[in-house]
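Assemble the complex: chain A is given as a structure, and chains B, C and D must be docked to it using the hints.
Residue numbers (my numbering), protein chains in the order written: chain A, 1 to 372; chain B, 1 to 372; chain C, 1 to 398; chain D, 1 to 398.
No lab work stands behind these hints, which were simulated from the structure alone. Only true hints are included.
When the alpha-carbon atoms are kept at most 20 Å apart in a straight line, the in silico DMTMM-like pairs for lysine to aspartate or glutamate are as follows:
id	chain 1	residue 1	chain 2	residue 2
1	A	Lys137	C	Asp268
2	B	Lys369	B	Asp297
3	D	Lys144	B	Glu255
To give an idea of the interface, some chain C residues facing chain A are shown, with a C-beta separation under 7 Å as derived from the structure:
id	residue
4	Gln334
5	Gly361
6	Arg388
Every residue gets a Cβ at the ideal spot worked out from N, C-alpha and C, and that includes glycine.
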Amino acid sequence: MDFDFSDDQKFLRDEARKFLEAQCTSAVVRNVLDNDDVSHAEDLWKQVKEMGWLGAAIPEEHGGLGLGMLEMCVIAEELGRVLAPIPFSSSAFYFAEAIKQFGTDAQKSAYLPKIASGEFVGCLATSEGPGDSDAAKLKTGFSSGKVSGTKLPVTDGDIATHALVLAKDGSGASMAIVALDADGVTRTPIQTLEPTRSHAEIVFDGAAAELLGNEVGNGMTQLDSILNRAAILVAFEQVGGASRCLEMAIEYANERQAFGRPIGGYQAIKHKLADMYVKNEVARSNAYYGAWALSTDAAELPEAAAAARVAASEAFWFASKENIQTHGGMGFTWEVDCHLYYRRAKLLSVQAGAPGVWKEKLVTALERKNAA
Amino acid sequence: MDFDFSDDQKFLRDEARKFLEAQCTSAVVRNVLDNDDVSHAEDLWKQVKEMGWLGAAIPEEHGGLGLGMLEMCVIAEELGRVLAPIPFSSSAFYFAEAIKQFGTDAQKSAYLPKIASGEFVGCLATSEGPGDSDAAKLKTGFSSGKVSGTKLPVTDGDIATHALVLAKDGSGASMAIVALDADGVTRTPIQTLEPTRSHAEIVFDGAAAELLGNEVGNGMTQLDSILNRAAILVAFEQVGGASRCLEMAIEYANERQAFGRPIGGYQAIKHKLADMYVKNEVARSNAYYGAWALSTDAAELPEAAAAARVAASEAFWFASKENIQTHGGMGFTWEVDCHLYYRRAKLLSVQAGAPGVWKEKLVTALERKNAA
Amino acid sequence: MNFDDTEDEAKFRAEAVAFLEKNLEKKDAGAGRADRSRDDFLTRAKAWQKTKAAGGFAQITWPKAIGGRGGTPIQQVIWNQEESKFDAPTSPFAIGLGMCVPTVIAFGSDEHKQRFVPKALVGDEIWCQLFSEPAAGSDVAGLKTKAVKDGDDWVINGQKVWTTGAQFSDYGIVLTRTDPDVPKHKGLTMFIVNMKDPGVEVRPIHQASGGREFNEVYFTDVRIPDSDRLGDPGQGWKVALVTLMNERLAVGGSPGPDWKEIMGYARDAGTMSDGAFRAKLADWYVAAQGYKLTKFRSQTALSKGETPGPENSIGKVITANHLQDICNSAVEMQDHYGIISDRDKAPAEAIFQESLMWAPGLRIAGGTDEILKNIIAERVLGLPQDVRVDKDKAFSEM
Amino acid sequence: MNFDDTEDEAKFRAEAVAFLEKNLEKKDAGAGRADRSRDDFLTRAKAWQKTKAAGGFAQITWPKAIGGRGGTPIQQVIWNQEESKFDAPTSPFAIGLGMCVPTVIAFGSDEHKQRFVPKALVGDEIWCQLFSEPAAGSDVAGLKTKAVKDGDDWVINGQKVWTTGAQFSDYGIVLTRTDPDVPKHKGLTMFIVNMKDPGVEVRPIHQASGGREFNEVYFTDVRIPDSDRLGDPGQGWKVALVTLMNERLAVGGSPGPDWKEIMGYARDAGTMSDGAFRAKLADWYVAAQGYKLTKFRSQTALSKGETPGPENSIGKVITANHLQDICNSAVEMQDHYGIISDRDKAPAEAIFQESLMWAPGLRIAGGTDEILKNIIAERVLGLPQDVRVDKDKAFSEM
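Bound-form chain A, shown alone (with noise of 0.2 Å):
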């Protein structure tokens, strides 16, 4: 038995933390936060380029890293803590996972190695309107190699230099990989509940598309695979997440008194943040159990990845507005950290699929494992 990271992970952690926590600071987050005209966060994001951290999981052969996807989540979990404003996870959770599963030879060698230097940004392009995607509802078409129709949100969609589309496709549905500097697309950042990361309606009116892999119709089947993996990843960018509101509640408990002792003395407060940290052990526990049905290719894939996602949004969605809550008035100003990571908690809970669609998909895999 050996649950937990291996040294060798513990020491990326250790340095990835080191270097998010000194390059960025809620400074970094916020010039993105107040800046209508500034979609991410520059410097930080070359950086993270530099390291190569892109590639972690991408072989070696393909201009990776090699390391892992153990190493990926390691990596996610840091990202989350530190609300880091950068298109990393469109790009490495969903975009180039997309591509290393599905994508032919010619387009893992045409896309990975320049995913994982950062030249090219991927995205994913699927939500056309309220509720989850589904085959029957999609309006975006794709046929003889063009993709039309509107996509909104698509996160860091105007960031990004592709992005994977989910569109109709005959009487199924395809991805289709698009490049977002070619004819036909257009895009408009739009107004989110989450101003520290980018979002993007963008129109595509008879943009040039390449099939993802080599077989029509199968876009929903890779959808599901996709967003099962990216769910594992963004599990730990939300546990990261919610970790760093509990240690935030935490502080400010011990510090802030009331009535002439630190409000954490009191059993309101100290039973909150219990809760808290149950819910975010429950959390990282199924987190880790996710890793390791990732990192082994498990048959257990799909009940780890929507238990790990059930219980991650619940807990950085109750870390976050009790944390908020914990701070008092405090927590209710603009220049306290706290709103932004109840802003995160609320894009990563809904971004990959809201929390009601994973449980019925865990129920769904329980259902078939226990039939079996």
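Relative to chain A, chains B, C and D alone:
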């Protein structure tokens, strides 16, 4: 606006409370609890009959007191407070109300006076197995004036003289009245979570039965309406029980010392009891609205009944379990009354349809209303 | 048990409705929140207050001698119910007339009453309440703003926070520490302060929700004549309790989208068939009804001349968390799309997104969830106070 | 990251499994709880303990010198995992060998160790722990049972409660008050008591669940020689903390039906399509997995020679409430039928009904939800202790 009981109704409540506190002590309840051969509190039952409470909502022309539904609500709350171990609700809330609503004139004349006097004791026999009753699942049949099939559990089934039986009737279902001393009726007491109320399995083997009202195949509609009305009365029983739990918890929390002061001074207990209070008030207010709807036969009755039922079930369950928790080890002993409320809370929450069933009824009623 | 007015109540309601219909437009149900520029809003609010005062509806429970109607609390409730159906700009006066001016009436001199009450009543002067400080929120009595006696004046220095309406207020009541060498509750004194004094600086707070409705107020050597003291020196806490008790009976007004709105949204979105959502909807309905009907019970007590107790504190405990939960569910129902807050892109959705960001503030403002539960536990249920370690300590020693 | 044993662990596991297979039957998964008469169960338990001791598996982490295996904590975990798959009657020894005898080893004399340890190890003598009292539950140090020095003896009078296994125990460790005139934690002393002494009366407690698994123990003028004192007079609290810290690492064993059981039941009942149920099922799965996997993380730490911290207290907070919730949902799923607790009438249902009645006890026994959250907040998160008003007061003055 007069959203409260009248002074007369409050006087009735005070009198009922005084009477029950004297006559329905813990010892009286425990005599039923601890003796398998004692199905109910006979002396109490005799006195309750003599006071005419069973006929509080039965018109004077049929031998009742002709007071009204609000008075019955008041009595229900007081019976709930003291866990009265008598078949009151079976006879008055279910059987009598069913006859009042759907009985023919002959049935009203035949049954209501004897229900009011307590000579007849009615009960409702619908359940045949796990899950709520629906026509498709019914096995008990009614034809040519005979009922055959097995009902369990039947609350007060071994005390009652008459049962209202839900039975398949051709392609639909009907409600049939069966005298339980008739040939072809076998009753066996069964063990339940709530031994202060009696339960039986009743096997009908061609027992003589009479249709409720004079329209065949109307059983499910009738049951729905019977349960709507009963739900409000039971909600008052539940509110009574939940209020008593809160009182017990407050009393104990003020008394019991830990670490040199009363446990009621610690926020973990204070906030638990505040939560209990909030749930109880929500339940009480919804029950009052139900009482209003019941007493005026308002169009809002279905949603008022469902809301009263959902709120009261939640309040009593929470209050009864957290009352045990507040009492700590003492609360988990047989000798302390906490568990009696926990048991009763469970019975009342499933007897007239479980909370999930009522939530669905509530939303359906809201949809119907908002579509209109 | 009925929802009808008594004869007297019905008569008053009819008068109120007639007056409202004559003077205001009905609220347009479909319009959502109008985009009101602050200046225009304030002008309209002042005009409406003047009209109300002229009609005898400005402060219904106040004695006639000071410009009120000499009416009953239930008449005030009825007025509030009816007024809320119209497009009535009332918010700038809520705190002043509801809390500050009654404190002036209770503790001020005759000169104060003559000088301030009429102008407040007709809307010429607006008041704000200056109690909370950055280090004194739940524990207001721990405040630090100093008032030091200097001749016939007091000199105020310090900072207040979360002050509603400070930016357009003319006067305020300010709670200060005048004696740091006694236990904290005993060294406080209340004053009337002129908000236009050059030593008073008002800065809007940038809230987590993005808006700037509240203010910080800085006092730098603000001189207040001793005659503008309310109550004796050291009696400020008692004065403040009167202010806080004068908080008028909360009226209607859900703070944002409720079960009905999310149900409507779900119907439009075609997600009403989701069983998990239906069960939650039932819970929301039950809680919202429970809150509304509990208010009806309080109003019944009022209508019978009884005084409703602190039971009303259940309101905000229910509604603030309720709002956060409903908005969160609405956002999650939208999946990825739920993150859009752009009113033009997603108008039907934006009410949920906005309230989601507002809800955390609602759980804190005017008493946190935790403080309200303490109040319920102590004042309604009679449980012991928590240990107050600073009870007998001089403030300066803490 | 993997779930495999190290080479050493695998070797040990193989030995353990071989030994278990030779000596015990595998658990029959379908059988449910066997109806074991207590006498027979105790006889079998003693026999199995003797066999384990002979095989070197009785107390794996104890030094060889006192009859243990000199093994590692992870070996103990592995043993527990494997033993739990067999029909092994171990419960009568859990508290004695896990908590009481280690206390004797830590604080007893050489004579004590020679006299008591071997007989406990081979199952000849059973021990119980006598700390809780009717007025001292969460606040154990507030206990009242008195021990008064009389010549070379101490005379014990008082009452203990919730004592597991008292009815068949031979010895116990009993925490008493020997000095009421000092603060409560400082006036306690621990003794070894002979449970067969005529002054010791054991009465089963009738629990709210209906069962009688626990006991009250009354002490009437029970004389204990001073030589059977554990630790110095007045040091009893320190001794007790060692006892409590020796609580062995909780192993597997859900306390009742979990998500799998209710899912199975729902499938049979045809209610899996209920969306509200499905959402709850997902939550239960996530919590159960979270608990199980957190234990795996602790075991990993053990396996690496690290000591897992108080993180383990999250276990009971999760499982006890979880159990109550699952059983309640299962009962409600059955509607009116859910009230039946008759095992013969409703065998598939009865496991939920029984655990529903047991769950409230589980939320209290071995630390209430509230105490466990205090422990997490103070020991894991480092938040301040609550105010202890009795900290410096003499016990007799409270």
